[in-house]
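S.K.: Residues per chain, in single letters:
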Amino acid sequence: MPIALFWFLAAVSLISAFGVVLQRNPLHCLLALIVTLLAIAVLFIGEDATVVGFLQAIVYAGAIMVLFLFVIWLLNLRAEMGPTGHLGLKLFGTIAVAAMFAELMAFLLPPHLQIKFAGHAAGYGSIDSLSQTLFSEYLVAFEVTSVLLLVAVIGAVALARRSTASEIQEHAADNARKERSAAQ
Amino acid sequence: MAELIVGAIEAVLMIFIGLNLAVFLLYFERKGSALIQDRVGANRASITGLGRKLGLPNLGIINTLVADPIKLFTKEDFVPAGADHFLHTLAPFIALFPVMITFVVIPFGDTITFGGRTFGLQAAPLSAAALYLLATIGIGVYGVSLGGWASNNRWALLGGIRATAQMISYEIAMGLAIIAIVITYGSLDLQAMVRMQGGVWFGWLPRWGIFVQPLAFILLLTAGIAESKRVPFDLPEGESELILGYMLEYSGGKQAAFMLTDLAEQALVAMLLVTFFFGGWQVPWLYRDGFHLPGGAIVALAPLLVSIAGVVAFLIKVVILCSFMGLIRWTLPRFRYDQLMKLGWKILVPLGLANILITAFVVVVAGGAH
Amino acid sequence: MMVPLPYLMALSGAIFAIGVLGFLTRRNILVMFMSVELMLNAVNLAFIALGSRLGTMDGQVIVFFVMTVAAAEAAVGLAIIISIFRGRETVHADDLTLLRW
Chain A
279 MPIALFWFLA AVSLISAFGV VLQRNPLHCL LALIVTLLAI AVLFIGEDAT
329 VVGFLQAIVY AGAIMVLFLF VIWLLNLRAE MGPTGHLGLK LFGTIAVAAM
379 FAELMAFLLP PHLQIKFAGH AAGYGSIDSL SQTLFSEYLV AFEVTSVLLL
429 VAVIGAVALA RRSTASEIQE HAADNARKER SAAQ
Chain B
253 MAELIVGAIE AVLMIFIGLN LAVFLLYFER KGSALIQDRV GANRASITGL
303 GRKLGLPNLG IINTLVADPI KLFTKEDFVP AGADHFLHTL APFIALFPVM
353 ITFVVIPFGD TITFGGRTFG LQAAPLSAAA LYLLATIGIG VYGVSLGGWA
403 SNNRWALLGG IRATAQMISY EIAMGLAIIA IVITYGSLDL QAMVRMQGGV
453 WFGWLPRWGI FVQPLAFILL LTAGIAESKR VPFDLPEGES ELILGYMLEY
503 SGGKQAAFML TDLAEQALVA MLLVTFFFGG WQVPWLYRDG FHLPGGAIVA
553 LAPLLVSIAG VVAFLIKVVI LCSFMGLIRW TLPRFRYDQL MKLGWKILVP
603 LGLANILITA FVVVVAGGAH
Chain C
227 MMVPLPYLMA LSGAIFAIGV LGFLTRRNIL VMFMSVELML NAVNLAFIAL
277 GSRLGTMDGQ VIVFFVMTVA AAEAAVGLAI IISIFRGRET VHADDLTLLR
327 W
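Chains as they are written, first to last, in this note's numbering: chain A, 279 to 462; chain B, 253 to 622; chain C, 227 to 327.
To be clear, the hints were calculated from the coordinates, so they are not data collected in a lab. Computed from a predicted model, the values in this text were never measured in an experiment. Be aware that one or more of the hints could be misleading.
As the list claims (entries may be wrong) - Straight-line C-alpha distance at most 20 Å; calculated EDC-like pairs for lysine to aspartate or glutamate: (1) K394(A) - D326(A); (2) K368(A) - D284(C); (3) K394(A) - D320(C); (4) K368(A) - E358(A); (5) K368(A) - D320(C); (6) K594(B) - D486(B); (7) K456(A) - E445(A); (8) K323(B) - E281(B).
Bound-form chain A, shown alone (with noise of 0.2 Å):
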């Protein structure tokens, strides 16, 4: 990947990452961060990781980001107004931050974490070597994934529909019932 392209993807994708941390509004930072994600797309498949980068922009930014969307609308977050106040939480917050990024950048950047690059293997990134090594080694892991999933949309399901009509009734008349056995 030319190196240009690099610095291009590098600025975009650290000026949206600061967007999304710094707007008001909700929906400005999740398109902040949709930028984000579909620039970090694109160093993965600067990186010869070819499906994975096109996967990110298809189930990350195409598929999660909407799901964030809908939260959005469905809360109706509006933009925050007027001071937020926590001035001593941001100060700290950020003189923390600022050492954490200090010590990462002096453990990251030395040339000490030069790797012996020996060239790609044809076929790298592509969807035959992908699914090779997803099947082979890691099948158990692919298939505890798929339960994963199965459970989180149950869940997700069960966390956040309204109670049903004889619910409620139900749930009221448990409480009458403990309030007299209480009161007894």
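Put chains B and C on the given structure of chain A with help from the hints.
M.R.: Just chains B and C, lined up with the frame of chain A:
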């Protein structure tokens, strides 16, 4: 460097073709629909009235192709009060962008040889082009939803929510149909898929995808029409219910952008159907050196002529399919919202999964792809 | 011409730090959640970069799993946020003090 320039030229050419198809569909909206519904259609604006004097039927070209765009682009451009100014202006272009960039991966011809150099006639020869399609269709959801939200109008918001829910539901059906096609051809590359559709079976039947995957064709056709929000799935812009749905507070150039997205996405779906099922740029019985007719006759042709014949065949097939989708549009009534969701989730998704199972089984039994 | 590895890792570290900043500083639960997604993506980038340099597919498979688990976590987390909102009409983290001492 030369490939970059050629790729850029081909990309511009494909987007140009896409936009022209969208304009053709706009013409079809006004006059083709009139033909189908046995009425006159738009016939007021004409330049010299010459046609009428000569007794020719009014083709409505000036009206649809000149007057309508002038009207659209010279209307006042406003942002409704209390709306999010930035999002309101940005939304039509977020909607238009993914459709435009999808046109560049569609192969519109075989190779062409100019001055000793061979150029492939696909603007962006991605090896994972089918995934790219799914990605851009997924991004296309945001323009519509932000357009509905940013209008500060509850009917526009309702149209936007309906449109988003519809688009993400039918994305799944579309993805399942594309997976079945990928299993059949054994490759994610669109150009490779089209190349595999050359040749004949039994000596005369072209190896088009529709004979191998008829169910996937119906799935992709339905899901594609639903994705581009055309009738019978145009509930988000239901004219009798939500006036213009998510496009309610838009006028002028921004509404033109939304309309163009609709029509261009319909053209895109037509191109996808042609690429996957109707042989793309393959002319039946035409190989690289000429025609090999079923009777055994061989007509030799120059390679340049063969390439151009491929491109022309692609365009003709896309226009036929666009007209077919327009015919569906002007014949069927609109789906109700629960019927739409039921169709998407309870009928298309199980059919798509069953299709994948059957396809995978057949491919494994027959020993390798296609 | 591959991008030098330290640059990619530095970018990953920077996005991670921005995510932590968002999580610690903002009090709107949804924005905190989005910062968590930023952190996950920074780690994904690091995995892909290292996997690419080492020449193995393991990095990409791990990113595949991280993406799937992030999807599941986003679904459940958002469902929790919705049910909190139903009970308390707020998404401000300061108003959710029921379990505090």
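S.K.: Run the distance test for K368(A) versus E358(A): straight-line Cα separation, threshold 20 Å.
M.R.: Measuring from Cα to Cα gives roughly 16 Å; hence the hint holds.
S.K.: Could you grab the alpha-carbon distance between K594(B) and D486(B) and see if it respects the 20 Å cut-off?
M.R.: Given that 20 Å is the threshold and the Cα spacing comes to 15 Å, the pair holds.
S.K.: Need the status of pair K394(A), D326(A): alpha-carbon distance at most 20 Å?
M.R.: Holds. K394(A) to D326(A) sits at ~17 Å (cutoff 20 Å).
S.K.: Is it true that the CA of K368(A) sits at most 20 Å from the CA of D320(C)?
M.R.: Holds. K368(A) to D320(C) sits at ~14 Å (cutoff 20 Å).
S.K.: When you check the alpha-carbon spacing of K368(A) and D284(C), does it fall within 20 Å?
M.R.: Violated, because 38 Å separates the two Cα atoms, which is more than 20 Å.
S.K.: Hint check: K456(A) vs E445(A), CA-CA at most 20 Å. Holds or violated?
M.R.: Between K456(A) and E445(A) the Cα gap is close to 16 Å, so the pair holds against 20 Å.
S.K.: Decide if the proposed pair is consistent with the structure: K323(B) and E281(B), CA atoms, cutoff 20 Å inclusive.
M.R.: holds (17 Å)
S.K.: Is K394(A) close enough to D320(C), meaning Cα to Cα at most 20 Å?
M.R.: violated (49 Å)
Hint compliance for this structure: hints 2, 3 are broken, all remaining hints hold.
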